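**Q** Read off the chains here:
There are 2 protein chains.
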Amino acid sequence: MSTYRHFEDFAPGTIIDLGSRSVSREEIIAFASEFDPQPFHLSEEAGKGSLLGGLAASGWHTAAIFMRLLVDGLLGQAAGQGAPGIDKLMWRRPVYADDTLTAKAEVLGGRPLRSKPGLGVVSFRFTVTNQRGDLVMTLDNPILFACRETAA
Amino acid sequence: MSTYRHFEDFAPGTIIDLGSRSVSREEIIAFASEFDPQPFHLSEEAGKGSLLGGLAASGWHTAAIFMRLLVDGLLGQAAGQGAPGIDKLMWRRPVYADDTLTAKAEVLGGRPLRSKPGLGVVSFRFTVTNQRGDLVMTLDNPILFACRETAA
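Residue numbers (this note's numbering), protein chains in the order written: chain A, 4 to 155; chain B, 4 to 155.
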C-alpha cells in the first residue's frame, strides 16, 4: 500500500491483503500465561487431550495477531479512528505452534456518520487463514475513518 | 467459587462475579506495541488528539484482560472446552491507564450439542465495568462445557 486511505477510499468489494505472520510455541504459551491460562493453551499434552488436538493459541491471541496485521497492512496508512466493536467473530480451526497466519480484508460497505460529521464507518469482513489455506478465523468488524475532505 | 462446574451447572439467569484487575500505562503501551500500534494506544498526546480522549488500551487488550478474569473467576474451576466465537462485542468506553476493570457473567441459556454428545454450549452475556461503574465492554459469547455425567 502506498496511499494513505480515508473513508472515501473503501469501495464495497475492495479486497486488501494484510500480510502474514508466524506464531511460535513460546509466543503461544507466553500470551496464554498472561491472558488465557487454560491447559490446552499451555501444554502440548493438555492440548492433545482437548477438542483442540494439540497445543493451540488462545483465540484472543489469534485475534491480537490479526490486529497487528491489520495495523501493519492497512491502519498504519489510513485515517482510522478506532472501532466500536465486533459484529461476529468465529474461531474456525485451532492455531498451532509455527503456523503462519495470513489476513485479508473485504469491504462490505460504508456510510458517513450523521452523529459525527467528518467521520464514516466502514464494514469489513476479515479472514485469517493458515499456511495450508484453511480458514482459522473470520470476523465482521466496523471501523471508523476520517473523511478526506475534512481531514486535509 | 468452590465448586467445579459442568454444563448442567449454568442455569439461565445465573450471575457470576469474575473479579477485578487494573491495567497500567506500561501494560497498555506494551500490549499495543506488540499487537495494536495505533498512535492513540501508544502515547497520551496522540490519545488526546483522538476520539478516545487520552492514552487508551487497545480493545483487544481489554478483551484479553477480560479473558484472564474469566479464567481466574470461572473457567479455571469448570469443565470448559473452548469457545467457537463471539456473537457480538461492543467497546463502549475507552480504558485508560490505572483503570480497574471488573467483569461479570450472566447465563443467557444453554443446550446440549447433538453433534458432540457429552458437551453442551452455554450462552453468556459478559459485562466489563471500570472503577466508576461505567460499562467499558460487553460481549455475548457461547462457551462449550463437558456434561457432568460423562465427565466423571
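Since the hints were made in silico from the structure, they are not lab data. Treat the hints with care, since some could be wrong.
[Stated by the list, open to error] EDC-like mimics (lysine to aspartate or glutamate), calculated; alpha carbons at most 20 angstroms apart, straight line:
| # | chain 1 | residue 1 | chain 2 | residue 2 |
| --- | --- | --- | --- | --- |
| 1 | B | Lys91 | A | Asp90 |
| 2 | A | Lys91 | B | Asp143 |
| 3 | A | Lys91 | B | Asp101 |
| 4 | B | Lys91 | A | Asp143 |
| 5 | B | Lys107 | B | Asp143 |
[To be verified] Okay, the calculated bits of chain A under chain B, using three or more residues with CB under 8 angstroms as the criterion:
| # | region |
| --- | --- |
| 6 | 15-26 |
| 7 | 36-46 |
| 8 | 67-78 |
[Stated by the list, open to error] Quick partial rundown of chain A residues pointing at chain B, CB under 7 angstroms, derived from the structure:
| # | residue |
| --- | --- |
| 9 | Ala82 |
| 10 | Leu92 |
| 11 | Trp94 |
| 12 | Val110 |
| 13 | Leu111 |
| 14 | Thr132 |
| 15 | Ala149 |
| 16 | Cys150 |
Just so it is clear, the structure is predicted and the values come from calculations on it, not from any experiment. Think of the CB as a built atom: it goes at the ideal place given N, C-alpha and C, for glycine as much as any other residue.
**Q** Evaluate each hint against the coordinates.
**A** Results of checking the hints against the structure:
| no. | hint | verdict |
| --- | --- | --- |
| 1 | B:Lys91 - A:Asp90 | 5 angstroms, holds |
| 2 | A:Lys91 - B:Asp143 | 10 angstroms, holds |
| 3 | A:Lys91 - B:Asp101 | 29 angstroms, violated |
| 4 | B:Lys91 - A:Asp143 | 10 angstroms, holds |
| 5 | B:Lys107 - B:Asp143 | 12 angstroms, holds |
| 6 | 15-26 | violated (count 0) |
| 7 | 36-46 | holds (count 6) |
| 8 | 67-78 | holds (count 6) |
| 9 | Ala82 | 11 angstroms, violated |
| 10 | Leu92 | 4 angstroms, holds |
| 11 | Trp94 | 5 angstroms, holds |
| 12 | Val110 | 19 angstroms, violated |
| 13 | Leu111 | 16 angstroms, violated |
| 14 | Thr132 | 16 angstroms, violated |
| 15 | Ala149 | 10 angstroms, violated |
| 16 | Cys150 | 14 angstroms, violated |
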